[in-house]
Amino acid sequence: MTTPRLQLTQITKRYPGVVANQAVSLQVMPGEIHAVLGENGAGKSTLMKIIYGSVKPDEGTVAFNGREVHVRNPQEARALGISMVFQHFSLFETLTVAENVWLGLDKSLSLPEVSASITGKAAEYGLDIDPARPVHTLSVGEMQRVEIIRALLTGPQLLILDEPTSVLTPQAVEKLFVVLRKLASEGCSILYISHKLHEIRALCNACTVLRGGKVTGVCDPREESNASLSRLMIGAEPAALEVRELKTGEVVLNVQRLTMTSGDPFGTDLQEIAMNVRAGEVVGIAGVSGNGQSELLFALSGEDRGAPVGSIQVGGQEASQLAPGQRRKLGLHFVPEERLGRGAVPTLSLAQNLLLTRRDAVGAGGWLGLKTLKAQAVEIIGQYNVKANGPTAAAKSLSGGNLQKFIVGREIEAKPKLLIVSQPTWGVDVGASAQIRGEILALRDAGCAVLVVSEELDELFEICDRLHVIAKGRLSPSLDRADATIEKIGEWMSGLWDDAPDHRENKVKERADAAT
Amino acid sequence: MLRLEVRPQPSARWGYASPVLALAITVMIGVLLFVMLGKDPVRGLEVFFWEPVKSVYALSELMVKATPLLIIALGLAVCFRSNVWNIGAEGQYVIGAICASGVALMAGPDTSRWIVVAIVLAGVAGGMAWAGITALLRDRFNANEILVSLMLVYVAIQVLNYLVYGPWKDPNGYNFPQSKTFEAVTQVPKLMQGSRINIGLLLALAGVGAVWVFLFRTYSGFAQVVGGLAPAAARYAGFSSRKALWIALLTSGGAAGLAASLEVAGPIGQLTPYVPVGYGFAAIIVAFVGRLNPVGIVFSAILMSMFYIGGELAQSRLGLPKSITGVFQGLLLFALLACDTLIAYRIVWKK
Chain A
1 MTTPRLQLTQ ITKRYPGVVA NQAVSLQVMP GEIHAVLGEN GAGKSTLMKI
51 IYGSVKPDEG TVAFNGREVH VRNPQEARAL GISMVFQHFS LFETLTVAEN
101 VWLGLDKSLS LPEVSASITG KAAEYGLDID PARPVHTLSV GEMQRVEIIR
151 ALLTGPQLLI LDEPTSVLTP QAVEKLFVVL RKLASEGCSI LYISHKLHEI
201 RALCNACTVL RGGKVTGVCD PREESNASLS RLMIGAEPAA LEVRELKTGE
251 VVLNVQRLTM TSGDPFGTDL QEIAMNVRAG EVVGIAGVSG NGQSELLFAL
301 SGEDRGAPVG SIQVGGQEAS QLAPGQRRKL GLHFVPEERL GRGAVPTLSL
351 AQNLLLTRRD AVGAGGWLGL KTLKAQAVEI IGQYNVKANG PTAAAKSLSG
401 GNLQKFIVGR EIEAKPKLLI VSQPTWGVDV GASAQIRGEI LALRDAGCAV
451 LVVSEELDEL FEICDRLHVI AKGRLSPSLD RADATIEKIG EWMSGLWDDA
501 PDHRENKVKE RADAAT
Chain B
1 MLRLEVRPQP SARWGYASPV LALAITVMIG VLLFVMLGKD PVRGLEVFFW
51 EPVKSVYALS ELMVKATPLL IIALGLAVCF RSNVWNIGAE GQYVIGAICA
101 SGVALMAGPD TSRWIVVAIV LAGVAGGMAW AGITALLRDR FNANEILVSL
151 MLVYVAIQVL NYLVYGPWKD PNGYNFPQSK TFEAVTQVPK LMQGSRINIG
201 LLLALAGVGA VWVFLFRTYS GFAQVVGGLA PAAARYAGFS SRKALWIALL
251 TSGGAAGLAA SLEVAGPIGQ LTPYVPVGYG FAAIIVAFVG RLNPVGIVFS
301 AILMSMFYIG GELAQSRLGL PKSITGVFQG LLLFALLACD TLIAYRIVWK
351 K
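So the sequences go chain by chain: A and B. If you read the first sequence in my numbering, its first letter stands for residue 1, the second for the next number, and so on. If you read the second sequence in my numbering, its first letter stands for residue 1, the second for the next number, and so on.
Rather than coming from a laboratory, the hints here were simulated on the basis of the structure. Glycine residues also receive a C-beta, built at the ideal position from the N, C-alpha and C atoms. Be aware that a few hints might be false.
Derived pair list, reagent style SDA-like, types lysine to any residue, alpha-carbon separation capped at 25 Å [unchecked claim]:
1) A:K387 <-> B:F214
2) B:K243 <-> A:L322
3) A:K374 <-> B:L229
4) B:K243 <-> A:L330
5) A:K396 <-> B:V155
6) A:K396 <-> B:S11
Simulated DEER-style distance windows between Cβ atoms [unchecked claim]:
7) B:A17 <-> A:G104: 42 to 52 Å
8) A:F92 <-> B:R7: 24 to 34 Å
9) B:G209 <-> A:R305: 51 to 61 Å
Take the sequences, apply the hints, and build the full model.
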């Protein structure tokens, strides 16, 4: 019998107030691609940090290649042959690829030697990358390649990948899988952390499922269905959403020729964005993050007022120069992607956080009606099933999903004519996600115009009537959901929708018209 | 081994306990200091903590010193809560004093008593204008308000020196660098006979209520506080950060100017180079020790006032230099910052 590459036995880790891992055991064989599946907050990250030495377990043992080890820090982990690629990259944007990799290696090599070995590894695994390019010029997929090459250069026996596909186009995901399969065939074990069921079933040959810090199942994902895996992951199947017929009304949001320079030096400039959203429909914007979504949302919400005059109309009224509060009076409400710090003030109570976008409790002379405010918060907490310690609980004391439910509730209860939602279920558990999507659809049926910006294609396909794709600051034409396929959207995500030459000529002509 | 561990939630209890513990540590280090200087520590503590409160007169003197500290610190609390770091209240105080004196010097023997209103308003306007320079530079050119406001303190002091050594020097003042003594009519009305407490104390207490209501019960106060706590959320809500900047600086500048006018047209009674005694800087400590809360600031202003009086007494009773006041102020702020760690962390014993 082969010795397992990694064997965790009865690992327990407690934090003040929560048990992150409880008696978790996990076994990874050499050359195995082992999935760790679980919802947000199931304890996946803590477990990986224990393996990688950045967190010490309270109980239990870790054995690597049959020998018990006490990994005290990531350096020791790397010396053992454990490498990790984090979800959030740790790269210096102003340095080149080679310099970034060099920083992470021991100092015996010179920079040209590092460049040479990067080119070597890149060729070996088909990870095309130029070591001399500065990191800020790379796409997100390319940055991930840099992280993987950096990990590979340490010659790992176990590679840990944390949610590696959350930032990739479907095509880039395919490419990544080829690399991972090749690595595994050479004997390297891979721990693949994800909550995306289809990816796990396509890639992995073993799977450990976590729920609430405990192991709820060990299986071979190739023999499981999405339904059986999600039952292990969440305990029950989420309620399916019914899709109703479309009854669209007049145009509520009209965006024309929105061209704008990003305020962020590493941001994406918007070019000629054109779209509209009618009452009673949900329009989705797909795309890998960092392609202009945040700039577009800043322009639509009024947080950035650099949009050209006449480029944004809300309910038939020119709105491009209006402040967020004035747009809210036109019926535009917005749920931002960042809940803590933007959608809500972390240290203030839920009741106080209502005041960010709602003025119903503000009396004459700007006097605050604290009782009204509290009553409103209590109502939203009850109606949207928010798990919170009452209306006085600080926003930051809520879990991501519950805070999102509260913020969505706050905006929906304001009776908007146009609701813009960014990443509605990002980092939200499956049950809450289904609820939030249900609320969005109910709002649509009530005749509200809804614009959803999301990275999750599954989610967009589920709730949208029409789809756009944003890539490199440009917005694709709209596509009815019936005509949209994952492949097509994936292709458009790389910006390839107007390769036809006549289309491009039209664009040039349009610009010339605009200039005169 | 002792280790710091993050609390699951910041402790509300330690929010209150931390200033008390900081005061205890300050006293302890103070005792040590007295011993090292060869003074009787009991006598030292008596000078700082008993003498300033032992009689009605002493108490009234305590209030005289606490009033300007309280007024300036209230303004700073609004400012700091908005995440605007006005370090130059001292400069705004000086310009406020100059403007108030300018009006007071115009008074003759038969001027109406209402000139006091003009004096106070001139002080407020002066402080606001001086803070307005900082606001303008920050608004237009994104200049750092910490540096600008601090540097303007030294400019203000030079303006003061120019006036008292030059145009405003009292011709009958034996060439001392000071203005002539203001007419009696310019005196801010006193609250009672035999003490130096004037209506400034009432204004300060009204200010406590006003700032508390503004911060915690009005929409504009909410917008102001959100701008400080989470700038991105303020932007999302549509609260103007420029408006918040101007409100913050004009409020704190105006408060400093108000405090200054009450001083020059009150206990001092003329313009001298010794008008700035560091109230503007001490008020920063007062604001923080009071947790930027108007009610808390009342207590910290009294405490800081004790240090001022204690320092003066230490000079005459113990033969210690007056700068002992500064040492105590510094110790208190330093200890407070250290103790605040306990709000978010707890100490655990681990092998």
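Results for each hint:
1. As the CA atoms of A:K387 and B:F214 are separated by approximately 31 Å, the hinted pair breaks the 25 Å bound.
2. Proximity of B:K243 to A:L322 is assessed by CA-CA distance (about 16 Å); at most 25 Å being required, the pair is judged to hold.
3. Of the pairs offered as hints, the one joining A:K374 and B:L229 holds, with about 21 Å between alpha carbons and a cut-off of 25 Å not exceeded.
4. At most 25 Å may separate the alpha-carbon atoms for a hinted pair to count; B:K243 and A:L330 meet this at roughly 23 Å.
5. Of the pairs offered as hints, the one joining A:K396 and B:V155 is violated, with about 44 Å between alpha carbons and a cut-off of 25 Å exceeded.
6. At most 25 Å may separate the alpha-carbon atoms for a hinted pair to count; A:K396 and B:S11 meet this at roughly 14 Å.
7. Between B:A17 and A:G104 the beta carbons are some 44 Å apart, a value that agrees with the proposed interval 42 to 52 Å.
8. In this structure the hint that A:F92 and B:R7 lie 24 to 34 Å apart at CB holds, the actual value being about 33 Å.
9. In this structure the hint that B:G209 and A:R305 lie 51 to 61 Å apart at CB is violated, the actual value being about 37 Å.
Of the numbered hints stated above, those contradicted by the structure are hints 1, 5 and 9, listed in ascending order.
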